[in-house]
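There are 2 protein chains.
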Amino acid sequence: MTSLSDIETPAAVVDVARTQRNIARMQDRMNALGVRFRPHIKTTKCVAVADRQRTAGASGITVSTLREAEEFFAAGYDDILYAVCIAPHRLGRAQALRDQGCRLKILVDSLEAAQAVVEAQAQRDPFEVLIEVDTDGHRSGVGPEDGRLIEIGRILHSGGATLGGVLTHAGNSYELNDPEALARLAEQERALSVRAAERLRAAGLPCPVVSVGSTPTALSARTLDGVTEVRSGVYVFFDLFMTNVGVCTIDDIALSVLTTVVGHQVKKGWVIVDAGWMAMSRDRGTARQRRDYGYGIACDVNGKPLKQELVMIAANQEHGILAAASGRLASPEERFPIGTRLRILPNHACATGAQFSEYRAVTKNGIETWRRFNGW
Amino acid sequence: MTSLSDIETPAAVVDVARTQRNIARMQDRMNALGVRFRPHIKTTKCVAVADRQRTAGASGITVSTLREAEEFFAAGYDDILYAVCIAPHRLGRAQALRDQGCRLKILVDSLEAAQAVVEAQAQRDPFEVLIEVDTDGHRSGVGPEDGRLIEIGRILHSGGATLGGVLTHAGNSYELNDPEALARLAEQERALSVRAAERLRAAGLPCPVVSVGSTPTALSARTLDGVTEVRSGVYVFFDLFMTNVGVCTIDDIALSVLTTVVGHQVKKGWVIVDAGWMAMSRDRGTARQRRDYGYGIACDVNGKPLKQELVMIAANQEHGILAAASGRLASPEERFPIGTRLRILPNHACATGAQFSEYRAVTKNGIETWRRFNGW
Chain E
558 MTSLSDIETP AAVVDVARTQ RNIARMQDRM NALGVRFRPH IKTTKCVAVA
608 DRQRTAGASG ITVSTLREAE EFFAAGYDDI LYAVCIAPHR LGRAQALRDQ
658 GCRLKILVDS LEAAQAVVEA QAQRDPFEVL IEVDTDGHRS GVGPEDGRLI
708 EIGRILHSGG ATLGGVLTHA GNSYELNDPE ALARLAEQER ALSVRAAERL
758 RAAGLPCPVV SVGSTPTALS ARTLDGVTEV RSGVYVFFDL FMTNVGVCTI
808 DDIALSVLTT VVGHQVKKGW VIVDAGWMAM SRDRGTARQR RDYGYGIACD
858 VNGKPLKQEL VMIAANQEHG ILAAASGRLA SPEERFPIGT RLRILPNHAC
908 ATGAQFSEYR AVTKNGIETW RRFNGW
Chain V
558 MTSLSDIETP AAVVDVARTQ RNIARMQDRM NALGVRFRPH IKTTKCVAVA
608 DRQRTAGASG ITVSTLREAE EFFAAGYDDI LYAVCIAPHR LGRAQALRDQ
658 GCRLKILVDS LEAAQAVVEA QAQRDPFEVL IEVDTDGHRS GVGPEDGRLI
708 EIGRILHSGG ATLGGVLTHA GNSYELNDPE ALARLAEQER ALSVRAAERL
758 RAAGLPCPVV SVGSTPTALS ARTLDGVTEV RSGVYVFFDL FMTNVGVCTI
808 DDIALSVLTT VVGHQVKKGW VIVDAGWMAM SRDRGTARQR RDYGYGIACD
858 VNGKPLKQEL VMIAANQEHG ILAAASGRLA SPEERFPIGT RLRILPNHAC
908 ATGAQFSEYR AVTKNGIETW RRFNGW
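Chains as they are written, first to last, in this note's numbering: chain E, 558 to 933; chain V, 558 to 933.
Mixed in with the good hints there might be a few duds.
Distance windows between CB atoms, simulated [said to hold, decoys possible]:
| hint | chain 1 | residue 1 | chain 2 | residue 2 | range |
| --- | --- | --- | --- | --- | --- |
| 1 | V | E866 | E | G658 | 43 to 49 Å |
| 2 | E | G932 | V | D635 | 27 to 33 Å |
| 3 | E | E925 | V | G932 | 15 to 21 Å |
| 4 | E | Q865 | V | R650 | 29 to 35 Å |
| 5 | E | E925 | V | R705 | 40 to 46 Å |
| 6 | E | L590 | V | G896 | 37 to 43 Å |
| 7 | V | G932 | E | P683 | 40 to 46 Å |
| 8 | V | R650 | E | A589 | 49 to 55 Å |
| 9 | V | D735 | E | G932 | 39 to 45 Å |
| 10 | V | E866 | E | R845 | 23 to 29 Å |
| 11 | V | E890 | E | S715 | 21 to 27 Å |
| 12 | E | I807 | V | D808 | 43 to 49 Å |
| 13 | V | D703 | E | Q865 | 25 to 31 Å |
Just so you know, the hints here were simulated from the structure itself, not pulled from any lab data. The C-beta atom is built at its ideal place from N, Cα and C for all residues, glycine as well.
Please model the entire structure based on the sequences and the hints provided.
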């Protein structure tokens, strides 16, 4: 049977048991809160993972690109929310998906984009459109009290589009690490998106969907009254960044990069491995968190963290440098001889996964290869 | 004719005229210094670019993975230096390339790896092996005065391997930004690698090749006496990081990411574009340099920097946030309406290119699509 000692490195390794546990944890939570769960597949871009999310009870998927929508529609997913405000030049490509039977929902947060949607659909089937609401000043969206919210709704509704509802993403949750602060932001995300929906309804406009989400708020919300669906992506694998946010532990992280020791600098206590930033990604998100994990921390080939913690302190394109988290690693060449296999837990599962075209999924019965894709 | 206003975004755009100028600049310099030039194709992983480097006078290529060696051998390149210390499990794959006629050179910096090479080639054709020398404490390599240098050479030579020479990479040049300091490091790189070669020769061992290089030192060396070849990669496109090092100007940068405006936050003066870190990469290398360029700076669709400089101050997976480098951008929605196309100059051409599977090469006659690849 193929083992992690046989395959080429670097490789993106998925611990399937942990993945299943993460999927169950989130789905159970959403069931208890009484909302639909629409996983964001941008984290994995992998049908094999999404199939497990669907089997556990997920309802539809969220995507960040039309390429994701096209790939997943071809794989049998037809309830797809494209959660990035639509660029007008993409409306034809979006319409083509709808023409094939895909229940694609698109997003706008401006009068201009709403107008472009209405114009593009003239004499075609209507688009289903959600309005992005800004509930935390993170990035995109129209404020829940902004007059443009109703204007956008009216342009869409009177122009014949199907007004699907409102959507928000409390991305500022990534900056937090305190359970109470996370719960407060989750409540803010809930309350302000429900407020936006109520304003639309009060203006006589339909607003069936109230869609919220981010992994930290989804795992911190105490009630989701008025919310109809939650979106979340990275929870499926988790990562070191999320341990610092406080919504998972090291033992929940289901993605790691398998690597091979190719050298040492004995006097410095360094172990040189063949996973550089091309494998780990350049993500250094933990640098600004309470614990900086460098480019990741090392586990043995079975995924167990090493007793003396080794951190990837630097990465070049195809080289990673591992050093002790504290002190100096003695006799690195004896403890980790050339050819030794290690697994590196990543800062950010979305970014690290994106460096690969496939996952090596470790199951009870051996290693499966799960295709993932990139591109737009 | 297809234009940059028609193609899907984000896209990796190559300015072919600038690329040709960068190629000519480096090759002319190497010719003047009297050394062979072996470009590192890890930056582009693109045969169309390497063909231009070869036409300009390059001699062989450098690679960072066996996948690169295999792809380029299939494309007609047979003089290939694999410049990462070999992991023993890869020796079979390396041998397979040699069996097909590829003049693949491999690298070691330890007794263990040298021994593994000798054992793997028993009853096979000999490997051609270079020894990595550490000339600046950057990463890998054996010190030029280290007794193991000669030991490694003896293991290889007596074991029947072809001892090809020594190789060094003064990666610390990336930390500098002063022409004198760069010239000093280039001289250190030269002198210490030549010293290592002389020690091998004095021990009766062959050392025909002395291979040095990094883009900053290659462009800063005043003499290369005793050096036989130079390697350099990122010079072909340059990037914002290299402008901070001081070896190029903004006008030399040949790679940019084409993006579309998808929204605004008017009060904040933000322009939201569809190039996030999935397109730019997570590389924030300029954060520790004299000028921090965020995730990149914006040009118009023709590649001309904007009069009021816009910096990508934040990036999510598929969103970039552009803001004025100083002050607040007034009326962003009027100056950069939804649908506007911009081009973002990247921090690091190697990392940004790696986010794409093809380049859109802008020539005098229109846009060509140049394939690039990733993976191992």
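Going through the hints against the structure:
The hint said 43 to 49 Å for the Cβ distance between V/E866 and E/G658, and at roughly 46 Å that hint holds. Checked against the hint of 27 to 33 Å, the C-beta distance between E/G932 and V/D635 comes to roughly 31 Å, which is consistent with it. Between E/E925 and V/G932, the C-beta spacing of about 18 Å keeps the proposed range 15 to 21 Å intact. At about 32 Å, the beta-carbon gap between E/Q865 and V/R650 stays in the expected band of 29 to 35 Å.
About 42 Å separates the C-beta atoms of E/E925 and V/R705, a value consistent with the hinted range of 40 to 46 Å. The given range of 37 to 43 Å is respected by E/L590 and V/G896, whose C-beta atoms sit roughly 38 Å from each other. The hint said 40 to 46 Å for the Cβ distance between V/G932 and E/P683, and at roughly 42 Å that hint holds. Range check, V/R650 to E/A589: Cβ separation about 51 Å, and the 49 to 55 Å hint holds.
Separated by about 40 Å at the C-beta atoms, V/D735 and E/G932 satisfy the suggested range of 39 to 45 Å. Remark: the range hint 23 to 29 Å for V/E866 to E/R845 is upheld by a beta-carbon distance near 24 Å. About 22 Å separates the C-beta atoms of V/E890 and E/S715, a value consistent with the hinted range of 21 to 27 Å. Separation of E/I807 from V/D808 is about 47 Å and conforms to the stated range, judged on CB atoms against 43 to 49 Å.
Taking the beta carbon of each, V/D703 and E/Q865 are about 26 Å apart, inside 25 to 31 Å as hinted.
Figure legend: structure checked against the earlier numbered hints; every hint is met.
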